[in-house]
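Engineer: Listed below are the residues making up each chain.
Number of protein chains: 2
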Amino acid sequence: MAKRETAMIIYIDTPFKEEQKTLLRSTLKADELIFKDELPSDDERLSSLLKADILLGNPKPVDWLQQAQNLKWLQLYSTGFEYYSGVKIPAVVTNMKAYYAQPCAETIVAGIMALYRGIDKYDTLKSQGRWVGYQAREKLQLLFQKKVIILGAGGIAKHLGNILSGFDCGVTFFARSAGEATLHTIEDLEKAIPDADIIIGTLPGTKETAGLFTTAMINKMNADALFCNIGRGNLVEDEAVLIDALITGKIGGAVLDVTAREPIPEGHPLWDCPNTILTQHSGGGSTTEYDGIAAFFLENLERFKQGNRLKNVVDLAKGY
Amino acid sequence: MAKRETAMIIYIDTPFKEEQKTLLRSTLKADELIFKDELPSDDERLSSLLKADILLGNPKPVDWLQQAQNLKWLQLYSTGFEYYSGVKIPAVVTNMKAYYAQPCAETIVAGIMALYRGIDKYDTLKSQGRWVGYQAREKLQLLFQKKVIILGAGGIAKHLGNILSGFDCGVTFFARSAGEATLHTIEDLEKAIPDADIIIGTLPGTKETAGLFTTAMINKMNADALFCNIGRGNLVEDEAVLIDALITGKIGGAVLDVTAREPIPEGHPLWDCPNTILTQHSGGGSTTEYDGIAAFFLENLERFKQGNRLKNVVDLAKGY
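Quick note, the sequences are listed as chains W and E, same order. Counting the first sequence from 1 gives a position; this note's numbering is that position plus 251. Counting the second sequence from 1 gives a position; this note's numbering is that position plus 251.
Hints may be right or wrong, so weigh each one.
Claimed, not checked - Pairs of lysine-lysine, DSS-like flavour, derived with a Cα cap of 27 Å:
| id | chain 1 | residue 1 | chain 2 | residue 2 |
| --- | --- | --- | --- | --- |
| 1 | E | 311 | W | 390 |
| 2 | E | 501 | W | 390 |
| 3 | W | 390 | E | 398 |
| 4 | W | 471 | W | 458 |
| 5 | W | 311 | E | 390 |
| 6 | E | 311 | W | 272 |
| 7 | E | 390 | W | 348 |
| 8 | E | 390 | W | 372 |
| 9 | E | 390 | W | 268 |
| 10 | E | 372 | W | 390 |
| 11 | E | 390 | W | 287 |
| 12 | E | 311 | W | 409 |
| 13 | E | 398 | W | 409 |
| 14 | E | 268 | W | 390 |
| 15 | W | 409 | W | 398 |
| 16 | E | 268 | W | 501 |
| 17 | W | 390 | E | 272 |
| 18 | W | 268 | E | 501 |
| 19 | W | 390 | W | 372 |
| 20 | W | 372 | E | 562 |
| 21 | E | 268 | E | 311 |
| 22 | W | 398 | E | 409 |
| 23 | W | 268 | E | 372 |
| 24 | W | 390 | E | 287 |
| 25 | E | 390 | W | 409 |
| 26 | W | 372 | E | 372 |
Hints are computed from structural coordinates only; laboratory data are not their basis.
One chain only, chain W, in its complex shape (with noise of 0.2 Å):
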């Protein structure tokens, strides 16, 4: 890439607070800034986006970003990009990869432990003012040396492998063709279920993923296991044979990031599945998660104004 000296014109669709707002403009001085959510109407912010040289965040709709033929660099704040898929733009596309790892995957175990050591029930009880003290004890359970399978073998699974270790799990990975991973087919992953205490999902959202957690493995999986999903809800075939195995006690929980619909419809039978924790698609999340993302976009664009190969290409038609 030639180097750029010329101003960019930069369209920001990142909900971004003032501090992270000051920083960018203070930072790039001579570039101009345009944020979406300063902008009074729609014919504004298309007409700012079709003239935007670099993008950062998730423009929706689709065919918006389809128009913006100036376009030479979208940076997402996401990691996902399912929702772009096969769309075709002039720009180079780079993804924050696996900056919400760490908080996927801690988010994750919490709600794993809260399962195992009883927290959601302590929290309800501590609402009521109520105590019940050792007839609880009995159902606890422990996450030392427990049986995991970890579907992927991305970054999210790199950070549940290495919390993993501290509990003394054995954690087997299911990918198609990563080192780590021993487990590659489908059938590979059938033989495995039964024996799992806990099975994760962590797969990106592709042709090749939607599904790929069948009825068949929920009914291989043994009465006390759960099911956790950081991934896409897609993942699993059939929503309504998970919910029916929580209610009626078939598996021993559930621990759900992202489900089939998101938001979670008022009055959805999720909302009253049994030992099932729902962390509504915030996984991610964290105190710094903005600054974060302001700080890889200065890095990522004084890569761009130098010529320099971006980090965290992908390819929006491959799906990764």
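For chain W, the structure is supplied; the task is to place chain E on it using the hints.
Structural biologist: Just chain E now, with coordinates in the frame of chain W:
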């Protein structure tokens, strides 16, 4: 110790279920087993206790135990035994030592992660069937690389250290002389507190530990820091100060398995403390808790009968 061939009278004051009773009865056919919960009156309980050679459990009241002149061995089912402090009996006393260390460590980490990842708040939202989604993300924190002070260097502290290594935490131990501790005096501890993200009490209940965590220390904690206690409730010099710090947001939160008063009375201000997880002295619990106690007792009983030294001998006067 001499080998004992004669049948023993074993009095059992431990809340076993039928499965553990069956195991003990089938293993110890030659001995006389008396289960306290099967006796109809206090008179029978006292007379059975007084004729026992061996006692498994934590008998109350203390003066019954002091009359048990036939007793040769008392196997407690707990780790702590401050209730028996200074009791004089002619028998060897053993406890469960580090048996509860892993479950206790897991309960504290589960509570910390629940606060950091919002699990308590998502649980409340689930009970209301209410989606907030992204709004909740910016308040979430990470356990990754947090600075942790652990008060104590015994079993729970070691297991906490193992778990926290998976989160790349910086862990510092406070103990008078233990090798892994770097904080030895109250002054060392006071100096370290302002930098800590998490402080975890794991100390047993002795004269030295009562009130060790002072009001001055609470006042030195930073505004995001968590106070956790899995040792004994009387570690905190003045629980009202801790409660005030939680209500006013002077500290970030608390995970309390133990408290000054247990059970926590109805209407007690602890029930209404924000960012607080109360696990009701269940930290040691697990589905296999009583199986493990029965198995350890049988193992130690074999040593007793063979005249070998018992495992986990403690000194009621010294408190360890």
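Engineer: Next step is simple, just say for each hint if it's right about the structure.
Structural biologist: How the hints compare with the structure:
1. E:311 with W:390: holds, 26 Å
2. E:501 with W:390: violated, 35 Å
3. W:390 with E:398: violated, 31 Å
4. W:471 with W:458: Given pair residue 471 of chain W, residue 458 of chain W holds - Cα atoms ~24 Å apart, limit 27 Å.
5. W:311 with E:390: holds, 26 Å
6. E:311 with W:272: violated, 65 Å
7. E:390 with W:348: holds, 22 Å
8. E:390 with W:372: holds, 22 Å
9. E:390 with W:268: Distance ~14 Å between residue 390 of chain E and residue 268 of chain W Cα, so the pair holds.
10. E:372 with W:390: holds, 22 Å
11. E:390 with W:287: holds, 24 Å
12. E:311 with W:409: The given pair, whose Cα atoms are some 50 Å apart, is violated under the 27 Å limit.
13. E:398 with W:409: This hinted pair holds, its Cα atoms lying about 22 Å apart.
14. E:268 with W:390: holds, 14 Å
15. W:409 with W:398: Between residue 409 of chain W and residue 398 of chain W the Cα gap is close to 16 Å, so the pair holds against 27 Å.
16. E:268 with W:501: Given that 27 Å is the threshold and the Cα spacing comes to 25 Å, the pair holds.
17. W:390 with E:272: Satisfied, since the Cα-Cα distance of roughly 19 Å is no more than 27 Å.
18. W:268 with E:501: holds, 25 Å
19. W:390 with W:372: Holds, at about 11 Å.
20. W:372 with E:562: violated, 36 Å
21. E:268 with E:311: holds, 20 Å
22. W:398 with E:409: Distance ~22 Å between residue 398 of chain W and residue 409 of chain E Cα, so the pair holds.
23. W:268 with E:372: holds, 23 Å
24. W:390 with E:287: holds, 24 Å
25. E:390 with W:409: holds, 24 Å
26. W:372 with E:372: holds, 12 Å
Violation of the numbered hints given earlier is confined to hints 2, 3, 6, 12, 20; the remaining hints are satisfied by the structure.
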